[in-house]
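So the protein lines, in turn, are chains B and U. Residues in the first sequence are numbered consecutively from 1, following our numbering. Residues in the second sequence are numbered consecutively from 1, following our numbering.
Keep in mind the hints are simulated off the structure, nothing from the lab. Yeah, the Cβ is synthetic: ideal placement off N, Cα and C, and Gly gets one too. Misleading hints may appear alongside valid ones.
Said to hold, decoys possible - Calculated from the model, a selection of chain U residues having no Cβ within reach of chain B, i.e. all distances over 12 Å:
# : residue
1 : Q6
2 : L43
3 : T77
4 : S94
Stated by the list, open to error - Derived DEER-like restraints, expressed as beta-carbon distance ranges:
#  : chain 1 : residue 1 : chain 2 : residue 2 : range
5  : B       : S39       : U       : F12       : 37 to 43 Å
6  : B       : D66       : U       : G16       : 26 to 32 Å
7  : U       : G3        : B       : E15       : 44 to 50 Å
8  : U       : T79       : B       : L75       : 39 to 45 Å
9  : U       : S73       : B       : T77       : 21 to 27 Å
10 : U       : T79       : B       : G59       : 27 to 33 Å
11 : B       : R80       : U       : D59       : 32 to 38 Å
12 : U       : Q17       : B       : N52       : 30 to 36 Å
13 : B       : R50       : U       : K14       : 23 to 29 Å
14 : B       : N18       : U       : S67       : 20 to 26 Å
15 : U       : G16       : B       : E15       : 31 to 37 Å
16 : U       : T86       : B       : I94       : 39 to 45 Å
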Amino acid sequence: SQQGEEDPQALSIQEGENATMNCSYKTSINNLQWYRQNSGRGLVHLILIRSNEREKHSGRLRVTLDTSKKSSSLLITASRAADTASYFCATARITTDSWGKLQFGAGTQVVVTP
Amino acid sequence: DGGITQSPKYLFRKEGQNVTLSCEQNLNHDAMYWYRQDPGQGLRLIYYSQIVNDFQKGDIAEGYSVSREKKESFPLTVTSAQKNPTAFYLCASSIPGTASYEQYFGPGTRLTVT
């Protein structure tokens with residue numbers, strides 16, 4: 001079963017605006033990762049946040065993690081047309097059975113119009 | 001260039017035929033994964049391998065088979081037993097033994113079975 005649930009399913013914004021998407025999960029995790037997928041392509045890793053971290057930045061990306069609420073958010077600031085893609089959160093939980101496995105959500109489709 | 005290659009990009013098969021999807025990596029990663037993606041959905045894990053000559057079933061292994069005879073290669077066979085094989089298939093690899101489990105993805109193979 002899929003661990004992460006992204007919200008919203010789709011997001012349409014104009015260039016220069018910020019885009020925020022959320023991810024909720026059900027079980028305890030070791031880390032949470034965000035990936036981007038351009039249409040018809042493979043996924044690209046964007047950023048990883050560990051369970052003992054609350055916020056992380058990478059360029060125009062800002063990720064937060066609230067383990068008490070089992071949720072994370074991804075903020076893309078000053079969006080560009082090239083940010084148009086689907087964004088997925090994935091959770092990693094290290095146990096004997098789930099070592100190395102990621103559980104992906106269904107994704108948020110972001111469209112940035114010029 | 002280091003990376004993961006998948007071939008072919010598009011594959012068409014008749015119902016009842018087995019088909020093998022290729023995945024090769026030159027990243028020197030021990031762990032490799034196969035995912036299935038259906039339209040508008042997230043990734044579901046089919047099989048994964050942490051080391052050569054060893055592999056484990058993922059969440060949706062029925063109707064699929066894999067082999068891991070070489071570190072660089074992790075081919076996936078979609079058998080005639082898979083009831084709904086038309087999908088986008090993604091291969092990934094990662095470095096085991098790290099806490100991050102960041103995965104590197106190939107460009108994908110789109111399989112259409114008619």
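Inset, instruction - Report the numbers of all earlier hints that the structure fails to satisfy, in ascending order. - result: When the structure is compared with the hints, numbers 1, 2, 4, 5, 6, 7, 9, 10, 12, 13, 14, 15 and 16 turn out to be violated.
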